[in-house]
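Asks: So the protein sequences, as listed, match chains D, C, U and Z. The opening position of the first sequence corresponds to residue 1 in our numbering, with each subsequent residue numbered one higher. The opening position of the second sequence corresponds to residue 1 in our numbering, with each subsequent residue numbered one higher. The opening position of the third sequence corresponds to residue 1 in our numbering, with each subsequent residue numbered one higher. The opening position of the fourth sequence corresponds to residue 1 in our numbering, with each subsequent residue numbered one higher.
These are calculated hints, taken from the structure and not from any lab test. The structure displayed is predicted, hence computed values, not measured ones.
Identical copies look the same in the list; a pair holds intra-copy or inter-copy alike.
With a straight-line cut-off of 25 angstroms between C-alpha atoms, the simulated DSS-like cross-links for lysine-lysine are:
no., residue 1, residue 2
1, K260, K312
2, K233, K312
3, K216, K312
4, K93, K148
There are 4 protein chains.
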Amino acid sequence: MYKAGLVGVTGYTGMELARILATHPQIELVCATSRQESGKKIEELYPFLRSYAVGSVVVSDYDAERMAKECDLVFLAVPHGTAMASAGELHAKAKELGKSLKIIDLSADFRIKNAEIFEQWYQIKHSETELLKKAVYGLFDLYEEDIKKADLIANPGCYPTASILGLYPALKNGIIQNDIIIDAKSGTSGAGRKAQVPTLFCEVHDNFRPYSIGGKHRHTPEIEQELSLIAQKEIFVSFNPHLLPIDRGILNTIYAPLAKDCTAEDIHGLYEEAYQNARFVRVLPLGRLPETRNVRGSLFCDIAVTVDKRTKKLIVTSAIDNLARGASMQAVANANLCLGLPLDTNISHAPVCP
Amino acid sequence: MYKAGLVGVTGYTGMELARILATHPQIELVCATSRQESGKKIEELYPFLRSYAVGSVVVSDYDAERMAKECDLVFLAVPHGTAMASAGELHAKAKELGKSLKIIDLSADFRIKNAEIFEQWYQIKHSETELLKKAVYGLFDLYEEDIKKADLIANPGCYPTASILGLYPALKNGIIQNDIIIDAKSGTSGAGRKAQVPTLFCEVHDNFRPYSIGGKHRHTPEIEQELSLIAQKEIFVSFNPHLLPIDRGILNTIYAPLAKDCTAEDIHGLYEEAYQNARFVRVLPLGRLPETRNVRGSLFCDIAVTVDKRTKKLIVTSAIDNLARGASMQAVANANLCLGLPLDTNISHAPVCP
Amino acid sequence: MYKAGLVGVTGYTGMELARILATHPQIELVCATSRQESGKKIEELYPFLRSYAVGSVVVSDYDAERMAKECDLVFLAVPHGTAMASAGELHAKAKELGKSLKIIDLSADFRIKNAEIFEQWYQIKHSETELLKKAVYGLFDLYEEDIKKADLIANPGCYPTASILGLYPALKNGIIQNDIIIDAKSGTSGAGRKAQVPTLFCEVHDNFRPYSIGGKHRHTPEIEQELSLIAQKEIFVSFNPHLLPIDRGILNTIYAPLAKDCTAEDIHGLYEEAYQNARFVRVLPLGRLPETRNVRGSLFCDIAVTVDKRTKKLIVTSAIDNLARGASMQAVANANLCLGLPLDTNISHAPVCP
Amino acid sequence: MYKAGLVGVTGYTGMELARILATHPQIELVCATSRQESGKKIEELYPFLRSYAVGSVVVSDYDAERMAKECDLVFLAVPHGTAMASAGELHAKAKELGKSLKIIDLSADFRIKNAEIFEQWYQIKHSETELLKKAVYGLFDLYEEDIKKADLIANPGCYPTASILGLYPALKNGIIQNDIIIDAKSGTSGAGRKAQVPTLFCEVHDNFRPYSIGGKHRHTPEIEQELSLIAQKEIFVSFNPHLLPIDRGILNTIYAPLAKDCTAEDIHGLYEEAYQNARFVRVLPLGRLPETRNVRGSLFCDIAVTVDKRTKKLIVTSAIDNLARGASMQAVANANLCLGLPLDTNISHAPVCP
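Chain D with its partners taken away, still in its complex shape (with noise of 0.2 angstroms):
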């Protein structure tokens, strides 16, 4: 049984990391922190985990030295900036006791691999630029021998995934020119679980809203640098996200103009060729498309591709819950596959649907 530490309990992606740990068989939430709520048991939080193991770990400060000390493992979900801090001390405490943990950070801190660009996105100053060079990018659908290997492991953006997911097989074969447009639906859940005012129920039920329309989002900088390494030259994407009124859920819907002249058909085989190997992305037959509720609750990216003949584009959609395979599902595969498990061990859940 492995020890895994969590820091910062509260968050959306804390929560979800609780859930999938409670009934995981290999790894045991033994630490989880969270300055506001030091002193509860996590079912006083999350009342859903109670008569759970992990309902009755107490939630502490978090302390560098003891997590280091009693885990194998630790997954940061805490914001940007924080994260980078804690894997340094907790990266530096691991050294001094000469032993081996694992840190999987789901934040952004250790994704974007040129500090200079990160500082430029995130307008913070990069701590960590030796532990940067460390980290590898947990997509583990492409980098799992990588992942298998690292001690430190960003874990992929919620969009990020389903955006580079979508768009590999095209930029990887060139059928695509370099003139991407990402319209991206996010459900609300990828907003975080912070007390403010635009993500009350009242403010987002029965409503539909784009933000930080034209290339604003952080997330731009990200998916450029993966679609750039995957099609060995510079990519640009124009991103644009919108905010749904559902819990959990990504969805883009992902334009190119075609480079060449290819049918839909092998289109679709290039698609299934390029994730033949791929357990958890699910291309779909031709004619079908994706829906938030087919991956809910589950590590699957379910992809599509259709080609608008009229206009001459290739439009992708791919769809994932942003919280499991956007986030803490994914992060718990990348523990996986760090600690030597199955990619699949206690994440191979059917997703949830209705």
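Here the structure of chain D is known, so what remains is to put chains C, U and Z in place on it, guided by the hints.
Replies: Okay, now just chains C, U and Z, sitting in the frame of chain D:
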């Protein structure tokens, strides 16, 4: 008091027409038809209209002669194909009676000016090609004077209303290239009130999905026809709709490459100028974005312009209430105009938020 | 044109008041206050009010003197305790100025006639006991004549409105025993617009939960006071509220043992008789039940009576829109009455369905 | 690996059974039937099950002989009346074949032990009265030992499960009077997957309504039968259901006058004692209340006890997932037990929240 008839009271557009007419000071609904609900009072179908005079109107079978005799105005809220036949009959009966009868068709039957294009997309023969020539496209922001004089008004589709208003100033001023993508999202009332599994609550709630992706949706030729008229050249669009888990509301995110080096400020100025006399179009200040709730239950179309400088695109977001501005309230606006009433009679409601 | 002030524009009741007054033909909102939003235009807070004159009103700090001078009428949409202090100040200033100033308080401060009972349930001292004696309970269906003459109106609570109207004919006619259970369900706008985790979208959506079960809710003494006045004896209720994942709407299911052998038909007759002159109460035909959507955005209270013959109980179901009938639209009805306007001025809207 | 059949795969209970069996380590779904969908793969109906073996099962017409031959266990997820006939046939075929065949009926056909009462409430003749005598009521918290030995299990109704578990300790200990009111609220999946207007998204969303008020709902005799067995005297209830705009979840608020002077602490103690060995009943600490989301997708029944001291009533609130605990997951629990597997095999999922 003008007397109005309503052919097809059982769908959501018929329901919304009954609702709006319930309090109209100068149009009285005297006749509402439905095959399956004939004999019932409107308030039995729609208990929310109890205690209004309209609630006591008894639903009847469709009878063209009676309608032509009793009414000054008829709304057709029946499926395409059926609407065309009724319009033909009503027009003929009115001629026989030597009286004026205004017809407002909420179906697609008289929207497409070229019958061949209509037939190709709707897969039925157009039986009223003479009448088609007389029909006026009922987008009052652009065609108010024509509507005032019309006998037959083709009430615009919901998606086209939000799309055309969103693009009109840009195309009129020639600032975008002919490579337009419309990523459209609609509330579920747009899918109609027919008993069918895909629009059951548990199939739509907490879900989001695309449909008719890749240029397959029938609103495509309507949008292209009107945009081409504005641009005075043939315009093609990639129109891609999605289904939102909300009752009312359409939000379009529209992408087009800039044709010239325009700033957001320039474009915002052109939009404000184009709509300076359009009471029911609200061009939002730069930095603000539309939300479906801000137009719920109203005739407004809210529009924002954004420039993605990195990828040199104009991004227009436009929002309407699909049932109100996209169908029945727009139909009443058209009715007001062609009866010689002020445009806003009984339809200047403030949006219902939350 | 009467001039109105609004103390507390940032909550949902303030927002709804601004919305209703936006189109009122005889009351103009000239002054709206908020500490945190002072200096902004109303349309910046509430973009759905853009293009209405009310949208251009600049929010200001609360200033009793200015308000008393400029206004004929003030709505208090601030928390209990605060409202009491403002009412006292405004009343005193108006007296100094020798002018009439109508005050409509949407808080609980002047609803409970007995200050001791108020203090016991609300845990604060009542500082305006003299003013309390002059306050009229603003349930216009029962107290229209008193309201017309009042200077200070205690606008009823949302749950009490639906409860009292649901029970009035039964208690007045002595057909039920004094053992009443009210199982109440409210939309989330009733919980206010404060930034807090329990009313975030992801905490409320696709969820349902009871709260304040077992006679702990502060609306209990208000309901009991009014029911006791109607029954002319002391009435106790077990009032138990629940939170619904909807924006607007309250539905109460009220249980009471029958005191006599009455049929449903008998009771229905008594209800129809009791409300024959109440334009905004709709007693449904036997066999029909209310739904929150049937009253959405309107002043109606829909009521159905059912008899459970097997267990000899009267079951009343009553529905209102908590923001409209349960707060701001009822406040405008009271404003109309005390200014000498027809009750229904600008508030006879048809419900917004769907 | 046990082989299971499923009669009726197209409803929500069939869908949920397929979902749960998709990952079951010891029960394999080998045969699923539906008249209208025969010939399609399960993954065509339910794309969320794509990539699971169960997704490839081809839906077939119902064939009792084949099913009896191939299966160790059959789930009946068809309407009442139909289920009874299938159970009779399957039982007879198995007897002919000399093999054991476990039948788990999710309909109401074998729940009411007295055929006359069944016929009176369901308005059809009971054709399998001999088989009815052998049926065991599948509420495993109370009847685990009987279920282990049963060949035919009547899977409890959704409302009855939450009602009986909520009242069991109170009735067993004689602390309440025989005057019970159950105010029940259910998610819309409980209304089935049939195409019909009243459960369309736009009829349910942002709405709340009662139905079958006043002792008319068919779950009444089932609840009364089981409560009478527990209390060992005839119990009557006033059962009143309401429809919630959520997918999954039932919350019952149950009222009963106290028979003795009990404190909340006393009663809480009795509840904890009664359920000390019931793994899937969670008696909440005093002061906590259940929420439907806390049990979503799980087998838990969460129960809280509250005493309204002012009116001397016990108020029990109980929550389940109507599709999981109230139907298909409870059916799999019963399947596990009657096949000799541990109760919780594959159904100890943590609730999915949010």
